[in-house]
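> Here is what each chain is made of, one letter per residue.
2 protein chains.
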Amino acid sequence: MTRAAQIYPQGRLTLREVGLRDGLQMVEVWPDTTAKRDWVTREHAAGVRHFEVGSFLPASRFPQFADVAELAQTIGTLPGAHSIALALNERGVHDALQAGVHEIALVVSATQAHSQANQRRSQDDAVALIRMADRARAADGPLISVGIAMAFGCSISGTVLPHDVLDLVESCLEAGADVIGLADTVGFAGPDAVGALTAQARALCGPVPLCIHLHDTRGLGIANASAALDAGCQVLDGSLGGLGGCPFAPGATGNVVLEDLAFLAQTKGVDTGIDLEKLIAVRDVLKSAMPNEQLFGAVARAGPIPTM
Amino acid sequence: MTRAAQIYPQGRLTLREVGLRDGLQMVEVWPDTTAKRDWVTREHAAGVRHFEVGSFLPASRFPQFADVAELAQTIGTLPGAHSIALALNERGVHDALQAGVHEIALVVSATQAHSQANQRRSQDDAVALIRMADRARAADGPLISVGIAMAFGCSISGTVLPHDVLDLVESCLEAGADVIGLADTVGFAGPDAVGALTAQARALCGPVPLCIHLHDTRGLGIANASAALDAGCQVLDGSLGGLGGCPFAPGATGNVVLEDLAFLAQTKGVDTGIDLEKLIAVRDVLKSAMPNEQLFGAVARAGPIPTM
Numbered sequence: 001m002t003r004a005a006q007i008y009p010q011g012r013l014t015l016r017e018v019g020l021r022d023g024l025q026m027v028e029v030w031p032d033t034t035a036k037r038d039w040v041t042r043e044h045a046a047g048v049r050h051f052e053v054g055s056f057l058p059a060s061r062f063p064q065f066a067d068v069a070e071l072a073q074t075i076g077t078l079p080g081a082h083s084i085a086l087a088l089n090e091r092g093v094h095d096a097l098q099a100g101v102h103e104i105a106l107v108v109s110a111t112q113a114h115s116q117a118n119q120r121r122s123q124d125d126a127v128a129l130i131r132m133a134d135r136a137r138a139a140d141g142p143l144i145s146v147g148i149a150m151a152f153g154c155s156i157s158g159t160v161l162p163h164d165v166l167d168l169v170e171s172c173l174e175a176g177a178d179v180i181g182l183a184d185t186v187g188f189a190g191p192d193a194v195g196a197l198t199a200q201a202r203a204l205c206g207p208v209p210l211c212i213h214l215h216d217t218r219g220l221g222i223a224n225a226s227a228a229l230d231a232g233c234q235v236l237d238g239s240l241g242g243l244g245g246c247p248f249a250p251g252a253t254g255n256v257v258l259e260d261l262a263f264l265a266q267t268k269g270v271d272t273g274i275d276l277e278k279l280i281a282v283r284d285v286l287k288s289a290m291p292n293e294q295l296f297g298a299v300a301r302a303g304p305i306p307t308m
Numbered sequence: 001m002t003r004a005a006q007i008y009p010q011g012r013l014t015l016r017e018v019g020l021r022d023g024l025q026m027v028e029v030w031p032d033t034t035a036k037r038d039w040v041t042r043e044h045a046a047g048v049r050h051f052e053v054g055s056f057l058p059a060s061r062f063p064q065f066a067d068v069a070e071l072a073q074t075i076g077t078l079p080g081a082h083s084i085a086l087a088l089n090e091r092g093v094h095d096a097l098q099a100g101v102h103e104i105a106l107v108v109s110a111t112q113a114h115s116q117a118n119q120r121r122s123q124d125d126a127v128a129l130i131r132m133a134d135r136a137r138a139a140d141g142p143l144i145s146v147g148i149a150m151a152f153g154c155s156i157s158g159t160v161l162p163h164d165v166l167d168l169v170e171s172c173l174e175a176g177a178d179v180i181g182l183a184d185t186v187g188f189a190g191p192d193a194v195g196a197l198t199a200q201a202r203a204l205c206g207p208v209p210l211c212i213h214l215h216d217t218r219g220l221g222i223a224n225a226s227a228a229l230d231a232g233c234q235v236l237d238g239s240l241g242g243l244g245g246c247p248f249a250p251g252a253t254g255n256v257v258l259e260d261l262a263f264l265a266q267t268k269g270v271d272t273g274i275d276l277e278k279l280i281a282v283r284d285v286l287k288s289a290m291p292n293e294q295l296f297g298a299v300a301r302a303g304p305i306p307t308m
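The listed protein sequences derive, respectively, from chains A and B.
Under this note's numbering, the residue at position 97 of the first sequence is numbered 97, and the numbers go up by one with no gaps.
Under this note's numbering, the residue at position 199 of the second sequence is numbered 199, and the numbers go up by one with no gaps.
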């Protein structure tokens, strides 16, 4: 069994908390390190094990991620917890290796235009970064995950062909990716497209874990997640309270709501290891640390289905 | 071809606006008749054809529905438009016949407990009301639709067995129902349950149109709608802006958002005849008439997918 398959076990759904990275990408006020630790620790107690804790970007431009290494250390103290951090260039990869994160998340855009806009490099150069990270890590070093951004449509180039995404997935696997992600970065996807591409990518990935990363920009986030699960997806990203906006859609919600994903899985009889009521209670951390941030999520508002 | 099959044509998805009834059930401020006419007329221009315009209940207790007959008349003047109104007892059926609505909506609860709480009659007596309405109408009189409330779980009795719902559907068909509805009245359903019951009920209904009536109480409304469509459902209820609360879940959203349903259908390549941008613009009517009411809906917030 590969290490990735141990960390993302078959037979259960892994829900990853990406709010500490994707959810804080655009905010002006963010939780301090103590509050972030509280967030992570309480979610761990609720059963969450996979946390994207930040991004290795210049702290001058992204001060909200300045404590990414400290948070990776915190995750290291929590039994069974797994830290993930984003890197967009060589320096970021080196810093991530130095910090000892469990998984380095890299990004390859589904379109050249978004690749240049987001990373200032071509798709080929983005794939080359995977090879570089693979060579630079030790045998017991971090996993490398690669998220394909704009996999379901691009706000710059428009339509994205599934065939092109699958070609990219193959390139990423060849370059050394241990985990593949498909991201609906700007909320263009519908459930039919998500189900079809998930099934095709699953077939291509074999034992490599496939993560579907959804935004709820246009209200289809949970429907898309349901379609992904039906197509065999075993890893989904979400953020507590749906934290995180979208620079391309002002006022839009961010990541799909983690609590609602957990409830969806519950209705499907899919094991996530998460205690829904405990997870909902962690929203209090965000309410205190980011009082002006709108939190989303329906199951938190209405409550879980009462037991009778 | 039956009249119901003409009014709910095969090969396209019918989205019914139920906000004027279900959406106004619990509000304290509601649009006056002029604003309701504006709402209906502008939605008709956006392509909506099926409107539940109110309920034949005592105007003393439900003053928001006092203009139901006038609205049915308005609908009668709009080309191709179809009016639906709720009746819960014999008097309501008589009033609906008098008013000349195109479709009388009756309710049978999936559980005895809810039947008593909601209608103060047994399930058998609720089915008897269908027979009474069927006998009372002229040959060219209104359609009779029957919605099975709590079809996916009951906030009083808990679990509802699909088998019992299907038995009820059969009883309703025998009693004279032209249209069958399955309602997730309190937002207990998940997509797997909705898909499975929709497929079974479709098989039972044959040419009789089957409508799935969803609430977005716990965030699964659109996912449930997607599952219903995948299982062959051709009629879905929704309300503009997700208007309408739920007495069993304070603060919860109401019906599934009509605009988001239209967007979902668009991503599936399913024809609804609705112009999404025009539909979204009708929210202005609600904003003016009910300024303190929270409107829901993601596609209205983020906008449709831009054409590139």
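Keep in mind the hints are simulated off the structure, nothing from the lab.
Glycine residues also receive a C-beta, built at the ideal position from the N, C-alpha and C atoms.
Mixed in with the good hints, there may be bad ones.
Said to hold, decoys possible - What follows is a set of in silico ranges between Cβ atoms, one per label pair, in the way DEER data are often shown:
#	chain 1	residue 1	chain 2	residue 2	range
1	A	ARG131	B	ALA45	51 to 59 Å
2	A	VAL27	B	MET308	22 to 30 Å
3	B	MET26	A	ASP275	27 to 35 Å
4	A	ALA199	B	ALA5	32 to 40 Å
As the list claims (entries may be wrong) - For the chain B half of the interface with chain A, some residues (derived, Cβ under 8 Å), not all of them:
#	residue
5	ALA196
6	GLY206
7	ILE305
What the hints assert, rightly or not - Mimicking DSSO-like on lysine-lysine, the simulated pairs with C-alpha atoms at most 30 Å apart in a straight line are:
#	chain 1	residue 1	chain 2	residue 2
8	A	LYS287	B	LYS278
9	B	LYS278	B	LYS268
10	B	LYS268	A	LYS268
11	A	LYS278	A	LYS268
> Which of the listed hints are not met by the structure?
Those not satisfied are hints 5, 6, 8.
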